[in-house]
Amino acid sequence: MDSGFEKTQDLPNQQITTDTDTRDILRREAKYQKINGLFKWPIVDIDGHHSEMTSWKEVIEYIDDPILLHQAQEFQSRTGGAPGLSNHTPGLRYQDVGGRIPHQQQLGERIRDKTVHRDVTLVRRSMDALGLDYQVLFPGNLLQLGTHPQPRVEAQLALAYNRWLCDNILPFDNRIKTLLYLPLGEPEMCHQIIDEFSNRDGVVGFMVTSVRFKPVHHNSYIPIYRKLEERKLPLAFHAGLNWTDEWTRQTDLFISMHAISFVLCNIVHMTNWIIHGLPERFPNLKTIWIESGLAWLPFMMQRLDSEYQMRPSEAPLLKKLPSDYILDMYFSSQPIETSNIKLAEATFNAINASTQLMYCLTSPIGILIRQAPFMSLSF
Amino acid sequence: MNKIFVGVESDFEDRGRRVIEYNDLEIGIFFVGGDFYAYENNCVHQGGPICQGRILNRVVELLADDKTSQGLAWDEHDVHIICPWHGYEFNIRTGVHPGNKHARLRSFDVSVEKGEVYVHI
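Protein chains in written order, with our numbering: chain A, 1 to 379; chain B, 1 to 121.
I should point out that these hints are in silico values taken from the structure, not numbers from a laboratory.
As the structure is a computational prediction, the values presented were derived from the model and not from experiment.
Possibly wrong hints are sitting among the right ones.
Only pairs whose alpha carbons sit at most 27 Å apart, straight line, appear in this in silico DSSO-like list of lysine-lysine [unchecked claim]:
(1) Lys67(B) / Lys114(B)
(2) Lys7(A) / Lys3(B)
(3) Lys227(A) / Lys342(A)
(4) Lys57(A) / Lys177(A)
(5) Lys342(A) / Lys232(A)
(6) Lys101(B) / Lys342(A)
(7) Lys31(A) / Lys3(B)
(8) Lys214(A) / Lys342(A)
(9) Lys57(A) / Lys40(A)
(10) Lys7(A) / Lys101(B)
(11) Lys7(A) / Lys40(A)
(12) Lys177(A) / Lys40(A)
Not close to chain A: a few residues of chain B, all C-beta gaps over 12 Å, as computed [stated by the list, open to error]:
(13) Arg18
(14) Val60
(15) Asp66
(16) Gln70
No residue lacks a Cβ here, since even glycine has one placed at the ideal position from N, Cα and C.
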């Protein structure tokens, strides 16, 4: 290629595919980090995802119930359909935009290190490339588990997944943390899980998958919240996809459902959480609202304040405006809506982002929202 | 302006590419429909490696004369490069996002001289 002109070299990966190494996918981000000196900052990603279905055969072995264990094993051996006992919806594979986002489609990269679970290596690769100090790891498809028609199955799978994660992933790198799944469909199991896992390595709190249809203020959940508050453990509400309720079923494209459902579930839960006075009942229980973006928050603050001031008799536990309670909550940075930068700035100001906003990637291990994205916003 | 040798024209297949590194600058050179196009390997969304993404035709929705939808189809002329990080798409001939004229890749001139392809930086 030498013709006497300036020399160049080909990038080693001309095209990123499902087999490309995470470090190569993130190569540009690592470069950006280095140029901007971001490695010097302590950075915590509070919402990383791994593909638990890849390890599903291992996960189901942790099911306690012998009959459900047998069923899960039998389901596992069948081709097609959702992996054993899960209610994973194949239609949601639109997430990779028809193969346009390869790492979302499959993480097929080669891993030679057999001393730790494959997911530990994948997390390490992404954390190292992105300069992360800690990553809070969540499941992927299990975010839909709250709509499983069998609460017993939700509970058993939650227990199995939590045990698998605590045995096989968390102990092998102290930078990997988690907010463990609470199966609200069976409150007794929530207590068992909190009791069993609160002190396990890497467990920094608990998580409710927001795609579920029982109100979060139900009396059966109150002892769970009390227990978390007593133990000084935060509770996260992780939004997710849902294409089955009456509203999202009217959207016949993934883009439409995706835009709405990730916010709608947390709009409902946050409304119930505030209007039923949960922040007054448990003032020291920290809540985190994950993966609904930020643009919904100014709407919630204004809408709930307006309604509350006209109807305080319906929300007698409140001692201040709903927006004041929202200011005490925490939020994740995925996704930050920025097509209108002035609105984004107003949103940051409205929620006191400097103290309440937490960084996250939201990805199947290590994707790819620019590190600390708010650093590059021009306000 | 620097003139960077990229390769020999005959080495490029239709819809082929070459993604090169020149100092700290990464550039993708694409050959589509007999013409060359070059862009910085830097998605305007979040800085992703846009030039290393998939190349697919633009998807269009077919409307009948009465404006009823007749379904989706590939546009055989418009070719897109798609960012592998988040899915932003850009027309390879223009470097512009199909629905946001402000989302535009940084482009470079390309010349072919005696069968050799050069990008001008």
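Here is how each hint holds up against the structure:
1. Lys67(B) / Lys114(B): Outside the cut-off at roughly 49 Å; violated.
2. Lys7(A) / Lys3(B): holds, 10 Å
3. Lys227(A) / Lys342(A): violated, 41 Å
4. Lys57(A) / Lys177(A): holds, 22 Å
5. Lys342(A) / Lys232(A): violated, 37 Å
6. Lys101(B) / Lys342(A): holds, 19 Å
7. Lys31(A) / Lys3(B): Since the Cα atoms of Lys31(A) and Lys3(B) sit roughly 25 Å apart, the hinted pair holds (cutoff 27 Å).
8. Lys214(A) / Lys342(A): violated, 37 Å
9. Lys57(A) / Lys40(A): It is violated: about 39 Å lies between the C-alpha atoms, which goes past 27 Å.
10. Lys7(A) / Lys101(B): Given pair Lys7(A), Lys101(B) is violated - Cα atoms ~34 Å apart, limit 27 Å.
11. Lys7(A) / Lys40(A): violated, 33 Å
12. Lys177(A) / Lys40(A): holds, 21 Å
13. Arg18: violated, 7 Å
14. Val60: Check passes; 15 Å lies beyond 12 Å.
15. Asp66: Given a closest Cβ separation of 20 Å, the condition holds.
16. Gln70: Consistent with the label, Gln70(B) stays out of reach of chain A, its closest Cβ about 15 Å off (over 12 Å).
When each numbered hint is compared with the structure, violations occur for hints 1, 3, 5, 8, 9, 10, 11, 13.
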